[in-house]
Amino acid sequence: MRLPAFDYQAPDKLDQALKIKGELGGNASVLAGGTDILVNLKHRLFSPATLISLKNIKELRRIESKPDSVVMGAATTLAEMADNATLNEHFPVLIKAIRSIGAPGIQAFRGTLGGNICLSPRCLFYNQSHFWRSGKGSCHRTGGKECHALEGSESCQSICSADTVPVLVALSAQLTLAGPGGTRLMALSDFYTGKGETPFNILPEEILTEVRIPLPWAPISASYQRLAMRAAVDFPLVNAAAVAIVDKGKVELFRLVLSAVGPAPIVLKEAEAAIKGSAPSQEMIQTAGDAAFKAAEGSVVENASLSRQYRVKMAAALARRAVKEALGL
Amino acid sequence: MRLSVHERLEDLILAEEGYTLVGKSIPRIDARSKVTGEAVFTADLELPRMLAGKVLRSPYPHARIVNIDTSRAKKLRGVYAVVTGQDTAGEKWGVFRYTRDQQLLCVDKVRYVGDEVAAVAAANDDVAQEALSLIQVEYEELPGVFDCWSSIAPDAPLIHDEFPRNVNVEVKIDVGDVEAAFKKCALVREDTFVAEEDSYFMTEPYAVVANSHADGSVEVWMPNASPHTKAKALSNALRIPLSKVNVRKITIGGAFGGRSDVFPAEFITCLLTLRTGRPVKLIYTREENSIATRKGHAMITTHKTGVDNEGRVLARDTVSYLDGGAYSSTGPIATSVPFLCHEQTYRLPNVRFTGYRIYTNKPIAGMIRIHGRSFACGVDTQLDMIAEELGIDPVTIRLRNARQPGETTPTGSHVASCGLTECIEKTAKESNFLEKFKNHQPGRGIGMGINSVQTGFPLGIRGGSQAFIKFHEDGGATVNSGVVDNGQGNDHMLVQIAAEELGLGVEDVRLISADTEITATDAGSYSMISTFAGGNAVKRAAEDAKMQLFEIASDILEADPSDLVARDKKIFVKGAPDVGVSIAKVVRKGLIMGRPIMGKGAFNPDVDQRREWITNPKGQLSQAFSFGATVTEVEVDTDTGMVKAETVTCAQDCGFAVNPMIVEGQFEGGVAMGGQGGMLGEEHRWHKGYCLNPSMLEYKMPTIADMPRINSIIVESIDPVGPYGAKEAGMSIAMSAAQAYCCAVGHALGIYFNHYPLTSERVLDAIENKKEGIQTAWDFPPARFIELEKKE
Amino acid sequence: MKKQLVNMTVNGEEVELAVYPNTTLLEMLRVELGLMGVKEGCSEGVCGTCTVLLNGQPVRSCLTLALEAEGSEILTIEGLTPEDGLHPVQQAFIDRGAVQCGFCTPGMILSSKALLDRNPNPSEDDIKTALSGSFCRCTGYTKILDAVKAAAAAHVDPSDG
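Protein chains in written order, with our numbering: chain A, 1 to 329; chain B, 1 to 792; chain C, 1 to 161.
Looking at chain A on its own, in the form it has when it is part of the complex:
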């Protein structure tokens, strides 16, 4: 399969990249690793006039340990993260999520953190060739007004399929978005709009430059759960992450995030509130499962390898497992 024509620029400095992005806006796409965008270009899902490669911008490829946080450049490769001592020390749960992405040949060199966060949401009716889609007509995502996966849907229901996202949201990660006018910080949980056609809260002139994970104030215990049909090269059917700080027999911090159930990760706030402040107990497993089931029921549609019904049940099962592992139950 051939790529469409595009111009290519590989600036050395972030400023230059921002300048180009500022001028071209939506006509330019950022090329980090390319494992996602190049497939989508081959399928003619979109056709930017220019690709701005981040490969020469050293400041975007770094892992920096700060007193209160770890900061990673958006173009840091997944393999670099997985091999990083600081991340392994503080966030083994993140390493687990990274190791589950694609296969080693995807994690090395090509796959990047920013790319995973900005992974184009997936749908069996969208991630198809131009030929395939030509018979079905356009959908919300390709300029139409229909959803082939869910008849009558007002917006696109594509799936946030990134493995790092539920973990990073559970770790309260923040993003830095840089634009011509300066930078802004955003909680990762606010980055996802919940609409597949415009999945990210980012302006056409902006570039995702940094991801910051705050260092927890006490040792955390965490869990990452994913379900896929094979051991590698498979996006999650559902995934979930839980992060907890249990101090003196009490859950002092608790985060539970469900993902791959719709265009945005879902923070299960009710379950978090129900669990936080108490001593870990078996009932919490069920509480989490019920909350996940409810959330997934309102979110999952029939657009992945297995059915909606199954994925909803699995959302509950994975949430239960995540809580069980994170709370040591």
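Hints were generated in silico from the structure; no laboratory data involved. One thing to keep in mind: the hints can contain errors.
Stated by the list, open to error - Quick list of simulated restraints, FRET-style, between CB atoms:
1. B/Arg685 with A/Lys276: 33 to 43 Å
2. B/His414 with C/Pro120: 53 to 63 Å
3. B/Arg685 with A/Met186: 28 to 38 Å
Said to hold, decoys possible - With a cut-off of at most 27 Å between alpha-carbon atoms, the simulated DSSO-like pairs for lysine-lysine come out as follows:
4. C/Lys149 with B/Lys75
5. B/Lys184 with B/Lys304
6. B/Lys24 with B/Lys570
7. B/Lys644 with A/Lys96
8. B/Lys436 with B/Lys770
9. B/Lys688 with B/Lys438
10. B/Lys688 with A/Lys136
11. A/Lys145 with B/Lys688
12. B/Lys109 with A/Lys294
13. A/Lys19 with A/Lys250
14. A/Lys136 with B/Lys109
15. C/Lys2 with B/Lys24
16. A/Lys269 with A/Lys324
17. B/Lys24 with B/Lys470
18. A/Lys324 with B/Lys249
19. B/Lys244 with B/Lys470
20. B/Lys249 with B/Lys232
21. A/Lys13 with C/Lys149
22. A/Lys136 with A/Lys250
23. A/Lys13 with C/Lys2
24. B/Lys589 with B/Lys574
25. C/Lys149 with A/Lys96
26. A/Lys19 with C/Lys3
27. A/Lys58 with C/Lys2
28. C/Lys149 with A/Lys58
29. B/Lys436 with B/Lys644
30. A/Lys19 with C/Lys2
31. B/Lys109 with B/Lys438
Stated by the list, open to error - Computed, partial: chain C to chain A, Cβ under 8 Å:
32. Thr24
33. Thr81
34. Thr129
35. Ser132
36. Ala150
Using N, Cα and C, we set each Cβ at its ideal position, and we do this for glycine too.
For this one, chain A is given, so just place chains B and C on it according to the hints.
Relative to chain A, chains B and C alone:
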């Protein structure tokens, strides 16, 4: 521990004084070119002035073609030819005279998403792609049918006007008196089994290169399972004499049944090279490989089975519906083979089979390595149900019904060699089956499947194989054979056999094969016949050459030719290897004497050529049959329905293992494709005729990290006719692995599964809705006899 | 769209080529340099047949722009083969029957080589993880696993313990 039991019959070794090469795990002759990247596959071919070909396909599952306007595409710079159905006179292809239903380029109607509508040859891929976008096709969409039940409904739209109720093929077999036998049975049960489509996903996507020449000939390179069959079809369709259609040898990246048929692609590529006078290369995308070559059949099978109180099957009445997709393809064969494998495996004194292949507006279904999942898995699942009801274990009930050597199948094939009982006993013993079956741990299961496949079908003039051997002055030889290698190691098999017979090393034997201009007719590799027929032909050619060598050597050695032996590149009198003469010297002497060594050999299997798939399904089908048993052990996660296969133990009676390492490779590949992938995750999913998972990402074939440990056991029944006793390797493992996985998951959960593959979703659904008693997990409407109006 | 210059080392040889930006590394290696051992099995980064080593790491050349490989060292199966004989992984694949149709073989061998360079004594799980991005439809992977183990065993100096 990985165990490889390779037992040889001691007395055979004595009788043959031991083989020097066959029976040994010699590395493949083609491996070196493959590990260095030197092996040339079709897409790797580069010819001067070559153009890029591309096909415009129907984006609709069922539509009338109102108009095709190619004028804009033709005007595009860099476009050299644009062809449509108007350029083909509506030429139709079909495997049989009575199944010619596929226009090589659609003229009036498209019948599936992917049907070929037009094609271009252009300077490069980008121009070709742009040209396709400039072809304007006006369609009138028609209602489509996408599964067997809706397709046979009386008011369903007809896909081909001349086939009422969309029934493409009807196979009827009735042996004994089924109804009378049911009345004598201690137990009769009827269950229905459903399987979705599986597919090949060979790593090499389909590709064709064609080149036309001034003498009116065309050369064609493409992955194929029978060059001579492809040439014949192209000769017919292009109206070029067969001798001028030269299908060339090329490295082939896997077939698994998916390269057997003739596709419009090769016809189109030939048409484009003939139009332009330039070579044309057409490379399929992965999606095209999935939807526009072939895939497996979805299938619904209802088995009604009656047994005596010891579990012996007295009668079986089976009705199958096969979802054939838009065209016939190998329909009559595909409809019959699931039953035929079954009648070879199990004794069936009274049996009736009614198979319907039904048209739908989906891609075309063809033969596949695990042919008829619902049939085979249904048989073994139902046998396990009967066994439970009668209080018999799965091993015993299989042994009681297993085919024995010397018997005749219901449709009349004599089974000369059969090691099925040994396969069952060895896999059961090696896996400690009975203990694990009886001491059942929750969530863990063990299951057994058994199966049998053919070595060839009655194929008339193209059913046999011929070989020639010439010698070089240095004593080396070149074998010439029509056998094609799809990756399984046929090339090596031929060389190892020739080297054995001629007393040469495999490095001394060169091979020219699978080229229709240079090599003689061969049946092709799609009916598991290559070793049996092609191997025998080469063996005979080598024996012929050897006799010629011996006659010349007998003068030199002053000995009787019948006392001579060829070994280590020498010819010597038996028992006196030190006073031999080199083969090189004998060859040279032959040249001087005007008696150059020219070996020739042929083999035609002794099958009943009157046998026909539909009109006369009786008589000797194949001269030999292979048999296999597989045991799988699994663990099921009852929260998610995910199945983890831990150990697989498989045994096959391949007759004789010409090369045990290659045979094991076939077993292991069979387990991966038939069992691990085929039974746990591989299926095509659909939305109104659109394949939702044509990609390797969404079609869940297993990775290395998914695979269980595999123990391979080679069983050798030494067939009286196969070369050294060899039959077929691997396919009966692929099939029995599917059955074993299915039965193992069932055993783990105490559930009898009847919808395949067993994705985690289906497994969980069955767990959550578990039924009481001995019943299948789901109730499906049974496949029944279809009343058809007589065709005029 | 204009051609741009790209420089890299391919199989030990420095190359400078003018390529269109939309040329993948796969296309550059096959079409411009004739390195047909790099296979295109899916074009979507799934099958792993297009795997080459970039600075020693296995990457999918179908999802790598040629321009993105600027300044890097590329090794394809053609470059792995020494002038005399074969690389131990190649030899092990032959000896252990790990080669059937051969279409996945170059990618498998390069991924195995990268693993053994990094980890000369890998566990079975290490091998499975390293090769999990390469699909083989013929072998069931058993003999591929055997071959990598054998190559590792041949590699490991017994004095290392």
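Hint check:
1. B/Arg685 with A/Lys276: 33 to 43 Å: holds, 41 Å
2. B/His414 with C/Pro120: 53 to 63 Å: The hint (53 to 63 Å, Cβ to Cβ) holds, given that B/His414 and C/Pro120 are roughly 56 Å apart.
3. B/Arg685 with A/Met186: 28 to 38 Å: holds, 37 Å
4. C/Lys149 with B/Lys75: Distance ~58 Å between C/Lys149 and B/Lys75 Cα, so the pair is violated.
5. B/Lys184 with B/Lys304: holds, 14 Å
6. B/Lys24 with B/Lys570: holds, 20 Å
7. B/Lys644 with A/Lys96: holds, 20 Å
8. B/Lys436 with B/Lys770: Answer holds: B/Lys436 to B/Lys770 is near 23 Å, not above 27 Å.
9. B/Lys688 with B/Lys438: violated, 45 Å
10. B/Lys688 with A/Lys136: Status holds; Cα separation ~10 Å.
11. A/Lys145 with B/Lys688: holds, 20 Å
12. B/Lys109 with A/Lys294: violated, 47 Å
13. A/Lys19 with A/Lys250: violated, 50 Å
14. A/Lys136 with B/Lys109: Cα-Cα ~18 Å, so holds.
15. C/Lys2 with B/Lys24: violated, 58 Å
16. A/Lys269 with A/Lys324: At roughly 17 Å apart (the allowed maximum being 27 Å), A/Lys324 and A/Lys269 satisfy the hint.
17. B/Lys24 with B/Lys470: Given that 27 Å is the threshold and the Cα spacing comes to 25 Å, the pair holds.
18. A/Lys324 with B/Lys249: violated, 59 Å
19. B/Lys244 with B/Lys470: holds, 25 Å
20. B/Lys249 with B/Lys232: holds, 16 Å
21. A/Lys13 with C/Lys149: Distance of about 45 Å is beyond 27 Å: violated.
22. A/Lys136 with A/Lys250: violated, 54 Å
23. A/Lys13 with C/Lys2: Satisfied, since the Cα-Cα distance of roughly 22 Å is no more than 27 Å.
24. B/Lys589 with B/Lys574: holds, 21 Å
25. C/Lys149 with A/Lys96: Given that 27 Å is the threshold and the Cα spacing comes to 25 Å, the pair holds.
26. A/Lys19 with C/Lys3: holds, 23 Å
27. A/Lys58 with C/Lys2: It holds: about 26 Å lies between the C-alpha atoms, which stays within 27 Å.
28. C/Lys149 with A/Lys58: The hint is violated at about 38 Å.
29. B/Lys436 with B/Lys644: The hint holds at about 17 Å.
30. A/Lys19 with C/Lys2: holds, 21 Å
31. B/Lys109 with B/Lys438: Violated: B/Lys109 and B/Lys438 sit about 58 Å apart, past 27 Å.
32. Thr24: Holds. Min distance 7 Å.
33. Thr81: violated, 21 Å
34. Thr129: Since chain A brings a Cβ to about 6 Å from C/Thr129, closer than 8 Å, the hint holds.
35. Ser132: holds, 3 Å
36. Ala150: Cβ of C/Ala150 sits 21 Å from chain A, so the hint is violated.
Going through the hint list in order, the structure does not satisfy hints 4, 9, 12, 13, 15, 18, 21, 22, 28, 31, 33, 36.
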